[in-house]
Amino acid sequence: MKILVVDDEAIVRESLKAWFEQDGHSVDAAESAKEGLRLCAQGRYDISLVDMKMPGMDGLEMQARLAAADPDLTIILMTAYASVESAVKAMKAGAYDYIVKPFDPDDLSLLIQRAADHRSLRAENARLKKSLEVASAPPPMVGSSGAMKRVLELVATVAATDATVLVTGESGTGKELVARAIHTQSSRRYNPLVVVNCGALPEGVLESELFGHEAGAFTGARARHKGKFEAAEGGTVFLDEIGEVSPRVQVELLRVLEEKVVTRVGSNTPVPVDFRVIAATHRDLPGRVKEGAFREDLFWRLNVFTIEIPPLRERPEDIPLLAEHFLERFTGAMSRRPMRFSPAALEALRRYPWPGNVRELQNAVERAVVLGTGTAVEVGDLPVHVAAAPGSSGPGSLAEAEKAHIRMVLGTSGWNISRAARTLDVDRVTLYNKIRRYELKRPENGS
Amino acid sequence: MGANAPPRPVRALHLVPIGSLPRSQAEDLAARLSRRVSIPCQVLASLPEAAVARLPGRDQLNADALLRDLEARAPDEAVLLGVTPLDVGIPIFTFVFGRARQGGSAAVVSLARLDPGFYGLPPGPERAARRALSEVLHELGHLASLRHCEDASCLMHFAASVAQVDVRGSAFCASCAARLPGWLLGPVGPGRDP
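Which chain is which? The protein sequence lines are D and L, in order.
Residue numbering for the first sequence follows our numbering, starting at -16 and increasing by one per position.
Residue numbering for the second sequence follows our numbering, starting at 148 and increasing by one per position.
Worth double-checking, as some hints may not be accurate.
[As the list claims (entries may be wrong)] Simulated DEER-style distance windows between Cβ atoms:
(1) L:P187 with D:K36: 28 to 38 Å
(2) D:K(-15) with L:P328: 48 to 58 Å
(3) L:R182 with D:G39: 50 to 60 Å
(4) L:R182 with D:P54: 46 to 56 Å
[To be verified] In silico lysine to any residue, SDA-like type, Cα no more than 25 Å apart, as pairs:
(5) D:K0 with L:R274
(6) D:K112 with D:H101
(7) D:K0 with L:R294
Just so you know, the hints here were simulated from the structure itself, not pulled from any lab data.
Each residue gets a CB set at the ideal place from its N, CA and C atoms; glycine is no exception.
Turn these sequences into a full structure, and let the hints steer you where they fit.
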């Protein structure tokens, strides 16, 4: 370690220098605070031992200046006059520790060892935080369109606050990605982000998942279980598909959001929790409020700050950028040679309306990388319905074209069979038969 | 103490009893030391306690002043080893077991805190003698330009308490032994107990 000794007494400087050098440390000594500050400005030190009482500038003032210049420096103050007052002053000023002259060799040895361990732990902590940031960073939100730039601006703005956020947008637009971006840019980033898909769980299970339960609260509740709000202590709870929550759970949620306490199922004891909520839905929540399916008070509690993610078809300029981004990611993940899109393939991607949004585009590119054999993604490597999108020059039989067209219409109608049948000018039974024949499947719900 | 100076040639060890150290105890230490080094170890005339500077306000000899005095008296190609039954310290430390400058020509060792009696325990002359040899060899290691070693069982490990003196035993680790001059390797060889 590099140690700086600052003391106006030569005997102290010489003795400590010799003592530390015998331990293999590199030591500089200064006879005044001014000289010590000059040495510090010239090079970095790990530990500095500073005498409290020196002519000119005293140790406390020097300590404050050193700490301001190099926050990583570990400062130990030395004094010949032991008093509680001076010890308190030293520690309040931010010194790592305080030692009284003359030192017991064991005390100084332990102090230096402890300071070295402390520095190493601090450095390790910083390294781990850095790698945690890298590991937990969400995939980048790609987009050059004005709409996406606005979304990114809103994310940065709201991340700096603790406001509740409502993220809206069609399925596959990346609502969870937005939630993760907000969490990782917020001061809560070193605490958990807990994701709950409210639409995937039956009412009773969701209640227990969110708020926890006590042992014996219901059949099968053998042990106490902490809910997601408690699990997210200090962090963020992402409530996906909030529009699907039952009226009873809505009441409970409202109470938790208002009071910041949860009561486990089967318990009467409220538990205070510290969390931030980000909710998301692909539904028209104000419409659900009008229908009486969603509580208005809960809506307003969630709708503090809204971020609406536009569907991909409304920002076609993002398609090539996203497609290239996914292509690079999948070729890397599959250890494939770098690939590029042929102009025809890129044109097909641009023309397709992407009813499943970014998720559908991502799946299409992944499929193309799996199927692709050369260095270019050709139209034939894309899903047939993408390749056969109106205006694209994709090849395919009449049946393939029909399948692709039906898939596209279903997609744009949100798989509303009646509406799709009207668009296609066939009856519902015919459409169902074609869906079965072509093995078309509704894209999974969710953001 | 001091910079990492090159070791000076050493052909003899001169043990100087300081204060009331019994001649027999000095002879015993010299004999034990002779079995660990390959050069003669001879006991010289005692230095009276009154001739040594004390630390103001403390019942201790000033190890740094004593060391300077011995270094000034050390003949060429010899080491002066001052051994005292008195407690020694330096202004910045409450006590030291010994004192030597890296590459220097003299060393000081205090037997006071190596004696079990110092801690209110029954006398243990054999244990005290083993500790004294350990401390002397440690200081001689510094004279041979060695620094403190991280290996807690090595003679060059820093001992801030008598318990640590006991833990570090009486042998240099292989790494330190490899850097010792021939005179300190002794007839027994590196890394072995006498």
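Hints violated by the structure (numbers, ascending) = Of the numbered hints given earlier, those the structure breaks are 1, 2 and 5, listed in rising order.
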